[in-house]
Amino acid sequence: MTSLQSPAVRTVLDRLYAEAERNDGEVLPRVRAEADRLGGQYDDRKVAPLLDDAFIPVCPEVGQLLYVLVRTQRPKVVVEFGASFGLSAIHLAAALRDNGEGRLITTELNALKAGRAVEHFRQAGLADLIDLRQGDAFETLEGVRGIDFLMLDGWKSLYLPLLRRLEPALSPGCLIAADDINLMQDLLKPYLAYVRDPQNGYTSCEVPIDDGLELSLRG
Amino acid sequence: MSHPAGPILDRRVNKVIARMQAARNYPSNGGPRRNREARDPNLYAEYGFSIYPEQGDLIYLLCRAQRATRVVEFATSLGFSTLYFAAAVRDNGGGIVIGSELVPQKVQAARRNLADAGLADYAEIRQGDARETLRDLGGPADFVLIDGWPGDDGPSLALQVMRIVAPQVRAGGLVMNDNAEDDYLEYVRDPANGFRSLSLPLKGGTELSVKVA
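Respectively, the protein sequence lines represent chains A and B.
One point on numbering: in the numbering used here, the residue at position 144 of the first sequence is 144, and numbering is uninterrupted.
One point on numbering: in the numbering used here, the residue at position 199 of the second sequence is 1199, and numbering is uninterrupted.
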């Protein structure tokens, strides 16, 4: 049995997905209405206060794909940008548990979400593998080295600046998964152009799952 | 069908991929899936029935991410998927693609395509019935592609081949299936068989499974 199927993990994931569906069903229409009122592009930072209440979890398929990727790549150091309530981190850490090695450093700006995420990690029995750093990822990830797997799931406009900042800390062969690439396309255009230009040292392809996941490999 | 730049950077490989993609066609009779009476693979020696470039790109990237050195494919056909696998193991620093193909003309075509791409040294195409040729892979496999052929009654060929290769896949190794045969899906989705599996919306449905034990 994999850790994803363990009763502790199953219980937490099922409960959170159900809760996310109820909650985000109310919150996200408000976010979209506010985005429309502000005019122009759906920019996550402009509607930030409203998103504080949203789970916006990775969809179950993306979660499963994260599990598969970590199992097959066997990273020692996994870093996540944007933990939210911790659903993607639970998938990543479950894979680390089953690999028998590796640890996850995840970041979350919002203190309330960070607190909830830590609680979920404990309930899932995975807290010992996860180091949650609350605050600005540009600061909390300072000094992290040897990143083998990087999950980008926070503010879309920060994907590229954060990747650039972390580049010296990426191991050769580091796998970078960027979620929701088709959700806010204008915001993510610079990121996609960067990882898809071989001159920058990546090979990259899109996995058309949910709102699109870009998988890039650091050469 | 046009395709955006994929993760393979080697122009020589991309040239062969583009040429094969442009030549892609499908038999006017609807192919072996539509014709129970015309399923002899030798009738379709010129048809690739190959994976799509989107699947190939993902195969390449996943093989690179896992640093694959031993990968397996059923069936090789004209060698389209073989190109992605061989490019990945070469770019990983070396390794081998073991491919199985029943039709002699297809084996020849695949070898030509690999040679044109400069990848001949990274592929071993075994001519024959995959249920025989893939019995001994010579070591643990990192990645297996199972792209079957329609049979009549009884277990699908995909499942039969899977049962032969599954014990030879390393823990953490990947298996991709192209045709979503019902009995194959049932097998990989049953935790008792040691895989964790999900369906990706590529070419209608591409099952990706990781060996967990």
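If you are wondering where the hints come from, they were derived from the structure by calculation, not from laboratory data.
A quick note: this is a predicted structure, and the numbers were derived from the prediction, not measured.
We put the beta carbon where it would ideally sit given N, CA and C, even for glycine.
Please note that the accuracy of each hint is not assured.
Here are a few chain B residues that sit away from chain A, every Cβ distance over 12 Å (derived from the structure) [stated by the list, open to error]:
hint : residue
1    : Asp1091
2    : Ala1109
3    : Asp1129
4    : Gly1138
5    : Ala1192
Here are the simulated DSS-like pairs of lysine-lysine, each with C-alpha atoms no more than 30 Å apart in a straight line [as the list claims (entries may be wrong)]:
hint : chain 1 : residue 1 : chain 2 : residue 2
6    : A       : Lys189    : B       : Lys1015
7    : B       : Lys1203   : B       : Lys1015
8    : B       : Lys1203   : A       : Lys189
9    : A       : Lys46     : A       : Lys189
Residues on chain B that point at chain A, a partial pick, calculated with CB under 10 Å [unchecked claim]:
hint : residue
10   : Gly1006
11   : Ala1065
12   : Arg1067
13   : Asp1142
14   : Lys1211
Verification of the supplied hints:
{"no.": "1", "hint": "Asp1091", "verdict": "8 Å, violated"}
{"no.": "2", "hint": "Ala1109", "verdict": "26 Å, holds"}
{"no.": "3", "hint": "Asp1129", "verdict": "29 Å, holds"}
{"no.": "4", "hint": "Gly1138", "verdict": "20 Å, holds"}
{"no.": "5", "hint": "Ala1192", "verdict": "10 Å, violated"}
{"no.": "6", "hint": "Lys189(A) x Lys1015(B)", "verdict": "27 Å, holds"}
{"no.": "7", "hint": "Lys1203(B) x Lys1015(B)", "verdict": "22 Å, holds"}
{"no.": "8", "hint": "Lys1203(B) x Lys189(A)", "verdict": "25 Å, holds"}
{"no.": "9", "hint": "Lys46(A) x Lys189(A)", "verdict": "18 Å, holds"}
{"no.": "10", "hint": "Gly1006", "verdict": "6 Å, holds"}
{"no.": "11", "hint": "Ala1065", "verdict": "5 Å, holds"}
{"no.": "12", "hint": "Arg1067", "verdict": "7 Å, holds"}
{"no.": "13", "hint": "Asp1142", "verdict": "8 Å, holds"}
{"no.": "14", "hint": "Lys1211", "verdict": "8 Å, holds"}
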